[in-house]
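Q: So the chains spell out like this:
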Amino acid sequence: MVGWEGTIALNNATGARLDDRIERSALGDQLAFEQIVTQHQGMVFSIACHFLRDRSLAEELAQEVFLSLHQNMHSIKSPEHLTFWLRKVTSHRCIDQSRRLKLRPTVSLEDVAEPAASASENDLFLSEMLRRVVDTLPEKARMVVILRYQEDLEPTEIARVLDMPLNTVKSHLRRSLSMLRDKLSRTLGEVTL
Amino acid sequence: MSRLDDELRNAFKRQQPPADFSARVLERVARQPETRPSLWQRLSALVETPKMRWVAIGVTAALLIAIGAAQYSRLTSKAVDDTGKLSQVVPPPQEKKAAVKPAEIDSLISHPNAVVVPKKHTLSLKRHQLAAARVEKAPEMKSEAEAAKDKLMLALSIASSALNDAQKAVHDDGLKP
Chain B
2 MVGWEGTIAL NNATGARLDD RIERSALGDQ LAFEQIVTQH QGMVFSIACH FLRDRSLAEE
62 LAQEVFLSLH QNMHSIKSPE HLTFWLRKVT SHRCIDQSRR LKLRPTVSLE DVAEPAASAS
122 ENDLFLSEML RRVVDTLPEK ARMVVILRYQ EDLEPTEIAR VLDMPLNTVK SHLRRSLSML
182 RDKLSRTLGE VTL
Chain W
2 MSRLDDELRN AFKRQQPPAD FSARVLERVA RQPETRPSLW QRLSALVETP KMRWVAIGVT
62 AALLIAIGAA QYSRLTSKAV DDTGKLSQVV PPPQEKKAAV KPAEIDSLIS HPNAVVVPKK
122 HTLSLKRHQL AAARVEKAPE MKSEAEAAKD KLMLALSIAS SALNDAQKAV HDDGLKP
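Those protein sequence lines, which keep their order, are chains B and W. The first sequence lines up with residues 2 to 194 when you count with my numbering. The second sequence lines up with residues 2 to 178 when you count with my numbering.
No lab work stands behind these hints, which were simulated from the structure alone. Ideal placement from N, C-alpha and C gives every residue a C-beta, glycine not left out. Any given hint could turn out to be false.
Claimed, not checked - Partial selection, computed: residues in chain B whose CB lies under 7 angstroms from chain W:
| # | residue |
| --- | --- |
| 1 | T39 |
| 2 | F46 |
| 3 | Q151 |
Start from the sequences and build out the full structure, keeping to the hints where you can.
A: Written out as structure tokens, the structure reads:
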């Protein structure tokens with residue numbers, strides 16, 4: 002059985018391994034870079050996928066993020082810095098891409114399909130509906146929600162990633178959540194959210 | 002934690018890209034022309050190793066000492082120079098009667114009240130005034146030199162402690178496996 006000491010030791014070992022990978026990758030070790038990509042591809046791809054709602058576009062963007070990482074590997078100082086850098090670059094690129102392609106859906110919040118079945122019966126459907134409602138938010142508010150619920154980041158961390166004042170992040174979250182709550186309580190009736 | 006939070010977490014779960022994603026990234030990396038890091042980036046990377054960092058600190062400290070010593074010697078030599086001048090105060094040059102030139106006669110005729118001072122005399126007068134001003138400033142400069150000396154001593158003590166630390170760190174690094 003592994004106690005908390007064991008867990009800490011395991012985390013330290015993982016951090017040290019990643020540190021080593023970063024160092025080796027900065028020196029041009031392709032294998033180390035591949036390991037970094039494999040470790041972080043889920044995070045980068047998911048942010049892009051949830052934001053752009055298009056898997057092929059998300060994949061393209063995620064590849065560009067990793068290409069950029071490869072060019073800037075020498076500036077990465079630690080595993081934490083690597084994660085922060087990837088989140089930041091992915092978020093900003095997603096927002097830019099969305100603005101460039103005018104990807105924001107033209108459907109209004111009112112047009113979002115209401116689920117036919119109850120939430121408890123059909124969680125997948127509810128999740129899809131939530132994603133669609135979040136999709137109607139402005140770019141920055143959408144990214145705030147994605148970083149909050151996909152990456153489980155605190156508002157202060159989101160503010161750092163998006164170069165945004167903390168109060169703006171908080172107000173984006175508050176407004177988005179109240180909008181989602183309204184929409185869902187109208188849809189689900191008596192279910193309290 | 003509300004149910005909405007849970008539902009949002011569930012809706013925005015991480016997704017995995019296609020299986021060949023990393024292979025495709027590496028393929029694109031290989032296709033890219035290799036970008037050489039700039040001189041500044043290479044330099045900063047060099048200084049980032051702990052040993053080199055301490056060497057850089059040592060070099061900076063040595064440079065500071067050299068600059069401080071040069072400044073101190075310059076200030077003290079200036080002070081000595083001015084004290085020497087103090088002992089041999091040059092008497093103001095005697096105003097000699099110079100021969101009046103024809104051009105000056107013309108200007109005297111047109112402006113009878115104007116006083117004509119020969120050019121040579123004005124120059125020597127100015128030099129004398131400058132020397133007198135320096136002599137007056139001598140105590141002030143002496144105190145400045147004293148202050149500079151104090152500063153230098155402080156800088157030297159800081160630099161020597163930094164050098165000691167650097168030496169110790171390099172020694173410790175050498176002991177590490």
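Q: Now look at each hint and say whether the structure bears it out.
A: Quick rundown of the hints versus the structure:
1. T39: holds (5 angstroms)
2. F46: holds (4 angstroms)
3. Q151: Nearest chain W Cβ about 4 angstroms off; hint holds.
Violated hints: none; the structure is consistent with every hint.
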